[in-house]
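Participant: Sequence:
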Amino acid sequence: MKKFKEFDIPFVGLKEAKHQFDYQIENAFFESFDYDEFNKAAIQVSLELDKKSNMLELSFLAKGSVNVDCDLSNEPFDLPVNGKLHLVVKHGEEYNDEDEELLVIPHGEYQINVAQYVYEMIVLSVPVKRVHPGIKDGTLSSEIVERLEELKPKEENENNNKEIDPRWDTLKKLLTDK
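Numbering (the numbering used here), first residue to last: 34 to 211.
Mixed in with the good hints, there may be bad ones.
Unchecked claim - Across the chosen pairs, the derived CB separations fall in these ranges:
#, residue 1, residue 2, range
1, K206, S175, 44 to 52 angstroms
2, E126, K85, 30 to 38 angstroms
3, L181, K51, 48 to 56 angstroms
What the hints assert, rightly or not - Straight-line distance between alpha carbons at most 30 angstroms, and here's what the computed BS3-like set of lysine-lysine pairs gives:
#, residue 1, residue 2
4, K117, K185
5, K117, K96
6, K73, K48
If you are wondering where the hints come from, they were derived from the structure by calculation, not from laboratory data. Don't be surprised by glycine CBs; every beta carbon is placed ideally from N, CA and C.
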């Protein structure tokens with residue numbers, strides 16, 4: 034992880050207190066992870082490290098926006114991103130990151146790299162379905178949205194105007210006869 038050197042936190046030299054670290058995350062960060070879902074990214078991540086005698090407590094907070102393509106119209110838009118992550122780091126016999134809120138590092142370690150945790154926090158804070166706000170409020174006009182409106186299933190009101198097949202009435206009696 035030499036390419037994420039700025040995310041290395043050497044905790045051995047720090048005093049037992051709270052320490053603040055700030056990171057500006059842009060698209061190049063995600064490209065390093067081979068993640069290409071974002072067109073652009075501008076996210077401010079603040080990390081508060083609380084060093085205690087037997088453990089470290091890391092509190093991540095991400096705020097910013099990513100430019101993504103809408104899943105319905107394929108129009109790019111800025112999506113606000115807000116993420117939180119709390120991580121406890123303890124010393125143990127061997128490295129163990131099976132628990133998402135607890136990281137065990139070997140006794141000889143003197144630093145921790147937080148790039149993977151920043152990446153996961155931001156990617157998981159983006160919704161799975163990304164819908165342009167213009168589609169929700171009806172202000173986006175594009176050829177794709179108009180075509181989707183044309184192909185939308187017709188309402189059941191048309192079926193209410195027609196006569197109901199008499200065979201259905203016989204079947205409905207079965208539901209009421211007990």
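Participant: If a hint holds in the structure, say so; if it does not, say that too.
Facilitator: Against the structure, the hints:
1. K206 <-> S175: 44 to 52 angstroms: Given range 44 to 52 angstroms: holds, Cβ gap about 50 angstroms.
2. E126 <-> K85: 30 to 38 angstroms: violated (20 angstroms)
3. L181 <-> K51: 48 to 56 angstroms: holds (51 angstroms)
4. K117 <-> K185: Not OK: K117 and K185 at ~38 angstroms, beyond 30 angstroms, violated.
5. K117 <-> K96: holds (9 angstroms)
6. K73 <-> K48: Given that 30 angstroms is the threshold and the Cα spacing comes to 37 angstroms, the pair is violated.
The structure shown violates the earlier hints numbered 2, 4 and 6.
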